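Here are the chains, one letter per residue:
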Amino acid sequence: MGNITTRKNGIHGILLQLGNRWAIIFLLLGAILFSIISPGFFSFNGIQVILINSPFILLLGLAETFVIITGGIDLSVGFIMGFASVVSAKLIATFVGLGMNDLLSIIIGIVITLGIGMIPGFVNGILVARLKVPPFIATFSMLGITHGISELIIEGSYIKNLPALAGEIGNGSFINIAPGKTVSFFIKPILQRGEQLIEILPTVFVIPFIFVIIFAFILRSTKFGQHTYAIGGNVDAAIRAGINVKTHITKIYMLSSLFATIAGILYALRYITGKADAGTAFLLDGIVAVVIGGASLYGGIGSVWKTVIGCLIILVLENGLRMLGFPTYYKYIVVGVVLIFAVLVDQFFPELVHKEG
Amino acid sequence: MRKSPLSIFARNWALFFVLVLILIFSFTGTNFFRLANFQNIFHLSTIYLLLSAAETFVIITGGIDLSVGFVMGLSSVLSATIMRELHAANFPPALSISIGSVAALIVCIIPGFINGVLTTKYRVPPFIATLGMGGIVNGITLVMCQGFPVSFLPPYLTEIGNGYLIYVLPGKAISFFNRPGGIAGEELKELIRIIPNSLMFNFVILFILWHLLKNTKFGQHTYAIGGSMDAAVRAGINKNRHLIIIYALSTFLAGLAGVFNVFQTGTGNYTLSTSMYELLAIAGVVIGGASLMGGKGRIGGSIIGVILISIIANGLHLSGVDPFFRFIAVGLILTVAVVIDQSFPDLL
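Quick mapping for you: the protein sequence lines, in order, are chains A and B. The opening position of the first sequence corresponds to residue 1 in our numbering, with each subsequent residue numbered one higher. The opening position of the second sequence corresponds to residue 1001 in our numbering, with each subsequent residue numbered one higher.
Treat the hints with care, as some may be off.
Stated by the list, open to error - Looking from chain A toward chain B, a few residues come up when the C-beta cut is under 10 Å (computed):
no.: 1; residue: G144
no.: 2; residue: E168
no.: 3; residue: F174
no.: 4; residue: I177
no.: 5; residue: S221
no.: 6; residue: T280
no.: 7; residue: M323
no.: 8; residue: G325
What the hints assert, rightly or not - No farther apart than 30 Å at their CA atoms in a straight line, the calculated lysine-lysine pairs in the DSSO-like style are these:
no.: 9; chain 1: B; residue 1: K1296; chain 2: A; residue 2: K246
no.: 10; chain 1: B; residue 1: K1214; chain 2: A; residue 2: K132
no.: 11; chain 1: B; residue 1: K1296; chain 2: A; residue 2: K132
Keep in mind that the hints were calculated from the coordinates and are not lab data. Note that this is a predicted model, so its numbers are computed, not measured. Backbone N, C-alpha and C fix where the C-beta goes; we use that ideal spot for every residue, glycine too.
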């Protein structure tokens, strides 16, 4: 990087470093504080709980990262997630009802849902890039449309009759160790009653995290990622540099929709049901995580790893407050304060604004 | 400047669309074309009318206020809590209701004031400032009511909120504000209710806001700031002060919506984090012809936008269509609104 900010000396330099990395420092301080006052927080189970709660906010945060870097916003991801949970659950239940093998119907259901789930993003992209509808309006319209369609599919209820295997996958862990006996991946080994089983890394965390790693690389080190920053930084310059902005923005919204779809599928697997409003609670958390991570809603700034830190801050606050016995509502207050604080820090250190990575 | 018929139509397409919908639903919907139903549509739109009016001012300046839905919840819970406590302390109902309402309205100016300061003095983008404020207000509301609606309020609240100006029992009696005494059973069905109190309330508030935006210096400055911030500053407008007032006005109107909510339901209701009041209010404003880029928008347009959404919901329901189609319909109309807006850039 070698930019100016890192070379400054003295108190101002230290302050700049602090301002630059306040999110990660805040995260560490929060984690340490909660570990001290609430003993169960920094334990194996405490961390597992955070990981189990993480996938939806991680995926929606990832979706918003790309969109926000281009200077847009995607309000539809929450209901696209619900839509995907409904569609995948409905498909899987239908296939099983037709007498298909459980595993096969889950796989086919997921594949079809992944395809269908990109349609809302494609429409969003066309509206934003070609018809010049502001992203806020285009994606809000899509929010209503996907909400309506999901409710029509579930007929005001929710999807039932998913195979038990779906729940085993969704609530399973990446590594299952039965001490001294066997190690298995994803599916729990068959055990006798009373035998100990150590489950490490929940599946619902591992899958999003793989996407996080891949797309962190794509955003940072590929032409696709560089074009994304270029469009967010200055659309005119991007067009003059020969980037096909319309196609690129369409791809970005499809990507966003795809991440929301994956979140919806994981929701269906984890809760063994499809619900239209599965993702509503995570939409704002996703946007907040991106902004806490230092992205600017004006575009051009942001990164996947910073979003991950933003997600972790929300998760740590949520879990820590819950373990201290505060009702969930306190989380809204704290997250709201942190959100505004995040932007204020950026304003007080204008030198940081043009720094990437 | 001569206006072509096409551009007049494009400018007022939402109004034409409302008329077309009324025509269609009159045929398809049972009991749609009734005075009672139209009064109902307005009565049930009150909250959205107030929130949309709030958003109209903010959106004209080029901002957005995502906190109004939660401020409404705060106002509802706070006013109800004060009313309940005063009522429990044996204050007369009229006094406890007034104190509760006024106190909540005053408190609701605070979040807007902070929003304004954050967006102007500290240059926090309105989206973020109001989103954060929404979360904070929502949390405070929930802590205050512990996640339950506030009940045990003084009497007469719903009689006022759901009352009508004129009651007519054909050929027998007529009365104002209160039902004529001593009627029951079959006679109650014949009672004609005219002009809901909420309609008069809406009319007064919206007329004041319309006048404020259209005919006063305050309104002109609002358009000026949204049209070109630099030009407005150079013209000597105190931009920061003006924007702070706009954001405070916005949450004040949200507070008014919350107090009305108490009068309508007889309980203090917090706002669910999934209810999206603010987004629907913004949808109404945009359908009414405002631009999120600022500089454009009208109170009259926003009213039509809100009524359009309400008529779709009401008409589809009375036509026996699955209510969930209305989400899809609102989404489609919103997109159409903006595409029309993009196709006629010279409209204002």
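Taking the hints in turn, this is what the structure says about them:
Hint on A:G144 holds. Least Cβ distance to chain B is approximately 3 Å, under the 10 Å limit. A distance limit of 10 Å between C-beta atoms decides the matter here; for A:E168 the minimum to chain B is near 29 Å, and the interface restraint is violated. Because the closest C-beta pair between A:F174 and chain B is about 31 Å apart, greater than 10 Å, the hint is violated. Taken as an interface hint, A:I177 does not check out: its beta carbon lies about 39 Å from the nearest beta carbon of chain B, beyond 10 Å.
The beta carbon of A:S221 is not positioned within 10 Å of any beta carbon in chain B (closest approach about 29 Å), and the interface hint is therefore violated. Among the interface hints, the one on A:T280 holds; its C-beta lies about 4 Å from the nearest C-beta in chain B, closer than the 10 Å criterion. Against a cut-off of 10 Å between C-beta atoms, the interface hint on A:M323 is violated, since the closest Cβ of chain B lies about 18 Å away. Taken as an interface hint, A:G325 does not check out: its beta carbon lies about 14 Å from the nearest beta carbon of chain B, beyond 10 Å.
Distance check on the hinted pair: B:K1296 and A:K246 sit about 27 Å apart at the alpha-carbon level, within 30 Å; holds. A hinted pair counts as satisfied when its Cα atoms are at most 30 Å apart, and B:K1214 with A:K132 qualifies at roughly 29 Å. For the given pair, B:K1296 sits about 17 Å from A:K132 by alpha-carbon distance, which is consistent with the 30 Å threshold.
Taken one by one, the earlier hints fail for this structure at numbers 2, 3, 4, 5, 7, 8, listed in ascending order.
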